[in-house]
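Peer 1: As you go down the protein sequences, you meet chains V and H in turn.
Residue numbering for the first sequence is 1 to 311, as defined by the numbering used here.
Residue numbering for the second sequence is 1 to 311, as defined by the numbering used here.
By construction, these hints were calculated from the structure, which means they are not laboratory data.
Backbone N, C-alpha and C define an ideal beta-carbon position, used for all residues, glycine too.
Be aware that a few hints might be false.
[Stated by the list, open to error] Keeping only pairs whose Cα atoms sit at most 16 Å apart, straight-line, the calculated EDC-like set for lysine to aspartate or glutamate is:
hint : chain 1 : residue 1 : chain 2 : residue 2
1    : H       : Lys193    : H       : Glu206
2    : V       : Lys124    : H       : Glu283
3    : H       : Lys124    : V       : Glu288
4    : V       : Lys129    : H       : Glu283
5    : H       : Lys129    : V       : Glu251
6    : V       : Lys131    : H       : Asp250
7    : H       : Lys131    : V       : Glu251
8    : V       : Lys129    : H       : Glu251
9    : H       : Lys124    : V       : Glu278
10   : H       : Lys131    : V       : Glu46
11   : H       : Lys129    : V       : Asp250
12   : H       : Lys38     : V       : Glu46
13   : V       : Lys38     : H       : Glu46
14   : V       : Lys131    : H       : Glu208
15   : V       : Lys124    : H       : Asp285
16   : V       : Lys129    : H       : Asp118
17   : H       : Lys124    : V       : Asp285
18   : V       : Lys124    : H       : Glu288
19   : H       : Lys129    : V       : Glu283
20   : H       : Lys131    : V       : Asp250
21   : V       : Lys131    : H       : Asp172
22   : H       : Lys131    : H       : Asp118
[Said to hold, decoys possible] Non-contacting residues of chain V with respect to chain H, defined by C-beta distances greater than 12 Å in every case (computed):
hint : residue
23   : Asp109
24   : Ala110
25   : Ala112
26   : Ala143
27   : Gln154
28   : Val192
29   : Arg220
30   : Glu227
31   : Pro236
32   : Ser238
33   : Glu251
34   : Glu283
There are 2 protein chains.
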Amino acid sequence: MFPLHFLQRAAAALSLPVVARLSGAMLYVVGLGLGDEKDITVNGLEAVKKCERVYLEAYTSILGVPKERLEAIYGREVVVADREFVEQGIDGMLNEALTMDVAFLVVGDAFAATTHSDLVLRAKGLGCKVKHIYNASIMNAIAGCGLQLYRFGQAVSVVFFTETWRPDSFYDRIKENAQLGLHTLLLLDIRVKEPSVEALCRGKKEYEPPRFMSCATCARQMMEVEETRGEKVYGPDSMCVAVARMGQEDELIKTCTLKEMCNIDMGGPLHSMVLVGETHPLENDMIEMHRAAPHDFLPADQVPSQYLSDL
Amino acid sequence: MFPLHFLQRAAAALSLPVVARLSGAMLYVVGLGLGDEKDITVNGLEAVKKCERVYLEAYTSILGVPKERLEAIYGREVVVADREFVEQGIDGMLNEALTMDVAFLVVGDAFAATTHSDLVLRAKGLGCKVKHIYNASIMNAIAGCGLQLYRFGQAVSVVFFTETWRPDSFYDRIKENAQLGLHTLLLLDIRVKEPSVEALCRGKKEYEPPRFMSCATCARQMMEVEETRGEKVYGPDSMCVAVARMGQEDELIKTCTLKEMCNIDMGGPLHSMVLVGETHPLENDMIEMHRAAPHDFLPADQVPSQYLSDL
Numbered sequence: 001m002f003p004l005h006f007l008q009r010a011a012a013a014l015s016l017p018v019v020a021r022l023s024g025a026m027l028y029v030v031g032l033g034l035g036d037e038k039d040i041t042v043n044g045l046e047a048v049k050k051c052e053r054v055y056l057e058a059y060t061s062i063l064g065v066p067k068e069r070l071e072a073i074y075g076r077e078v079v080v081a082d083r084e085f086v087e088q089g090i091d092g093m094l095n096e097a098l099t100m101d102v103a104f105l106v107v108g109d110a111f112a113a114t115t116h117s118d119l120v121l122r123a124k125g126l127g128c129k130v131k132h133i134y135n136a137s138i139m140n141a142i143a144g145c146g147l148q149l150y151r152f153g154q155a156v157s158v159v160f161f162t163e164t165w166r167p168d169s170f171y172d173r174i175k176e177n178a179q180l181g182l183h184t185l186l187l188l189d190i191r192v193k194e195p196s197v198e199a200l201c202r203g204k205k206e207y208e209p210p211r212f213m214s215c216a217t218c219a220r221q222m223m224e225v226e227e228t229r230g231e232k233v234y235g236p237d238s239m240c241v242a243v244a245r246m247g248q249e250d251e252l253i254k255t256c257t258l259k260e261m262c263n264i265d266m267g268g269p270l271h272s273m274v275l276v277g278e279t280h281p282l283e284n285d286m287i288e289m290h291r292a293a294p295h296d297f298l299p300a301d302q303v304p305s306q307y308l309s310d311l
Numbered sequence: 001m002f003p004l005h006f007l008q009r010a011a012a013a014l015s016l017p018v019v020a021r022l023s024g025a026m027l028y029v030v031g032l033g034l035g036d037e038k039d040i041t042v043n044g045l046e047a048v049k050k051c052e053r054v055y056l057e058a059y060t061s062i063l064g065v066p067k068e069r070l071e072a073i074y075g076r077e078v079v080v081a082d083r084e085f086v087e088q089g090i091d092g093m094l095n096e097a098l099t100m101d102v103a104f105l106v107v108g109d110a111f112a113a114t115t116h117s118d119l120v121l122r123a124k125g126l127g128c129k130v131k132h133i134y135n136a137s138i139m140n141a142i143a144g145c146g147l148q149l150y151r152f153g154q155a156v157s158v159v160f161f162t163e164t165w166r167p168d169s170f171y172d173r174i175k176e177n178a179q180l181g182l183h184t185l186l187l188l189d190i191r192v193k194e195p196s197v198e199a200l201c202r203g204k205k206e207y208e209p210p211r212f213m214s215c216a217t218c219a220r221q222m223m224e225v226e227e228t229r230g231e232k233v234y235g236p237d238s239m240c241v242a243v244a245r246m247g248q249e250d251e252l253i254k255t256c257t258l259k260e261m262c263n264i265d266m267g268g269p270l271h272s273m274v275l276v277g278e279t280h281p282l283e284n285d286m287i288e289m290h291r292a293a294p295h296d297f298l299p300a301d302q303v304p305s306q307y308l309s310d311l
């Protein structure tokens, strides 16, 4: 509507919200869905193609494909926005979004993570126009395992136990759900771009390799907490569903007991898990289709690695 | 892989699962997302374009656009599969899916409704190969209002009260959520292709016009049930968020009290509502962005119609 150089000069003279309105510029917050570069919606793709800057949020989830495959279908460079970027470098992006179309891409859907509410609030505060393009996230795609979404209680996060920190608040949330007969979706820890302890000491920017929690590790941590707390919220025979790479070509869904889950081999990330509550017969039929077979497990004497490696 | 006429003859001679494997045919169960014909994913669109038959499930939700707009981008005729079709005519579709690619389209995502689990089980029983293409549904897109998904308890359905039938089981579910401080998503009644009482008596196929519940009607029914049950699960001052046409161009989000909600004007269908639980400050900031203004309400003396008309 107005030439860019005019807008940039105007930005110095006028209030930012006025500039944003004049420019017609938009910040598109676009969910990419769960699979590959083609799980973006057609509306999402059309929006991204007209953006001058494209950022990919890459620390609350991971892409199932290399970012070059995104760039190929967008015809645009994709800048990876890691944790540091989202927490510190976001203002530059928001300023851009005052005078040009900018896309902020999120694997799954944007509003699964609190960070993105914060982004929207800051954007609106600056006067950016924001448009959200919805997509599937694990929070609804989990129904693909055959359990009904309206039978789920609150979702919980399970983080890696360390020698000194074994947070078990998920146990209380599961208990609340279980008392109502509801299923619990367990979202498993993702550690991407974590500074190494050594690097922190030296003030250097060095990062640990990416680490992802497996269903087997989650099940082991759950068993430990039940042993410690002893409130019989669940037990070795509790029915669980493990899902891996949901929505991707090699999506895997397996149903087994919690004890069996401690040795299940679900392959590469991302994994999620459901602790099953009371079931409708139709739900039983669905999850039984995915009953784990002997070859789905690691040998009984083999302890699964705590961390899944990157793709 | 094999010519179709061979497969059709083979179907008579061989078991159906064998035919399905030979043909390489697939039943694609495709979520359309929440907005217009372009909220399908790129993968979904590519799958539909190669299908010989395309069915649109049209009774658990409604499209935001006429089906002709789907047909235009698919280059395919779209057959509307209404309640009658899904409950009675589904076998014909599944038999087709043994020898040719068939798409079954669902507004939002497929697994929000129990019907579609049933479809998948029947398809697998017949030997069909089934591929699910995920998309956004109201169950995750509700986070677009600014409330965090992991703070939601079980979702509930609210159906139209009649003179003789005023089902209030949603009250118990809300109570369970409220006691845990959780938000409740209320999915509001949709009545599409309901046979008219007159038609039922005469054995004719005549249907009532489509009817959709508004947030105002939901709020009025909730107030009535609280008055009857009196357990103070919520009250006139309870904070609510109304959403209308989520994911569509004219998406509308409004925050107000339950009492105010009884007179809110959210426009055409579909509506959904959230009864807000305990909130994080970031959630408060988000829902306050959508605080309803005086012009969002009908005049105090005007009783909103119980039914929203069709688009």
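Peer 1: The structure should be examined with respect to each hint, and the outcome stated for every one.
Peer 2: Hints, verified against the model:
Taking the CA atoms of Lys193/H and Glu206/H, the gap is about 8 Å. The hint holds against a cut of 16 Å. At most 16 Å may separate the alpha-carbon atoms for a hinted pair to count; Lys124/V and Glu283/H meet this at roughly 15 Å. Only pairs whose Cα atoms come within 16 Å are accepted, and Lys124/H paired with Glu288/V is accepted, the gap being roughly 13 Å. Only pairs whose Cα atoms come within 16 Å are accepted, and Lys129/V paired with Glu283/H is rejected, the gap being roughly 19 Å.
Among the hinted pairs, Lys129/H with Glu251/V is consistent with the structure: their alpha-carbon atoms are about 15 Å apart, no more than 16 Å. Distance check on the hinted pair: Lys131/V and Asp250/H sit about 12 Å apart at the alpha-carbon level, within 16 Å; holds. For the hint pairing Lys131/H with Glu251/V, the CA-to-CA distance comes to about 11 Å; that is within 16 Å, so the pair holds. Pair hint Lys129/V plus Glu251/H holds up; C-alpha atoms about 15 Å apart against a cutoff of 16 Å.
Distance check on the hinted pair: Lys124/H and Glu278/V sit about 24 Å apart at the alpha-carbon level, beyond 16 Å; violated. Of the pairs offered as hints, the one joining Lys131/H and Glu46/V is violated, with about 25 Å between alpha carbons and a cut-off of 16 Å exceeded. Pair hint Lys129/H plus Asp250/V holds up; C-alpha atoms about 15 Å apart against a cutoff of 16 Å. Among the hinted pairs, Lys38/H with Glu46/V is consistent with the structure: their alpha-carbon atoms are about 9 Å apart, no more than 16 Å.
For the suggested pair Lys38/V and Glu46/H, the alpha carbons sit about 9 Å apart, so the restraint of at most 16 Å is met. A threshold of 16 Å between alpha carbons decides the hint, and for Lys131/V with Glu208/H the separation of about 37 Å lies outside it, so the pair is violated. Between Lys124/V and Asp285/H the CA atoms are separated by roughly 11 Å; this keeps the pair inside 16 Å, and the hint holds. For the hint linking Lys129/V to Asp118/H, the alpha-carbon distance of about 42 Å lies beyond 16 Å, and the restraint is violated.
For the given pair, Lys124/H sits about 11 Å from Asp285/V by alpha-carbon distance, which is consistent with the 16 Å threshold. Under the criterion of a C-alpha separation no larger than 16 Å, the hint pairing Lys124/V with Glu288/H is consistent with the structure, at around 13 Å. At roughly 20 Å between alpha-carbon atoms, Lys129/H and Glu283/V are farther apart than 16 Å, so this suggested pair is violated. In summary, the hint linking Lys131/H to Asp250/V is supported, as the alpha carbons are separated by about 12 Å, within the 16 Å threshold.
Note on Lys131/V and Asp172/H: the hinted pairing is violated, with a Cα-Cα distance of about 36 Å set against a maximum of 16 Å. The straight-line distance between the Cα atoms of Lys131/H and Asp118/H is roughly 15 Å, inside the 16 Å bound, and the hint therefore holds. Listed as outside the interface, Asp109/V is inconsistent with that label: its C-beta sits roughly 6 Å from the nearest C-beta of chain H, within the 12 Å cut-off. Not every beta carbon of chain H lies more than 12 Å from that of Ala110/V, the smallest distance being close to 8 Å; the non-interface claim is violated.
The claim that Ala112/V lies off the interface is violated: its Cβ sits roughly 6 Å from the closest Cβ of chain H, which falls inside the 12 Å cut-off. Distance check for Ala143/V against chain H: the nearest CB is about 4 Å away, which does not clear 12 Å, and the non-interface claim fails. Against chain H, the non-interface label of Gln154/V is violated: not every CB pair exceeds 12 Å, the least being about 6 Å. Under the 12 Å C-beta cut-off, the non-interface status given to Val192/V relative to chain H holds; the minimum distance is some 20 Å.
Distance check for Arg220/V against chain H: the nearest CB is about 23 Å away, which clears 12 Å, and the non-interface claim stands. At roughly 25 Å from the closest C-beta of chain H, the C-beta of Glu227/V stays outside 12 Å, upholding its exclusion from the interface. Distance to chain H confirms Pro236/V as a non-interface residue, since its nearest Cβ pair spans about 26 Å, more than 12 Å. Every beta carbon of chain H lies more than 12 Å from that of Ser238/V, the smallest distance being close to 19 Å; the non-interface claim holds.
With a minimum CB-CB distance of about 9 Å to chain H, Glu251/V fails to clear the 12 Å threshold, and the non-interface call is violated. A beta-carbon of chain H is positioned within 12 Å of the beta-carbon of Glu283/V; the least distance is around 7 Å.
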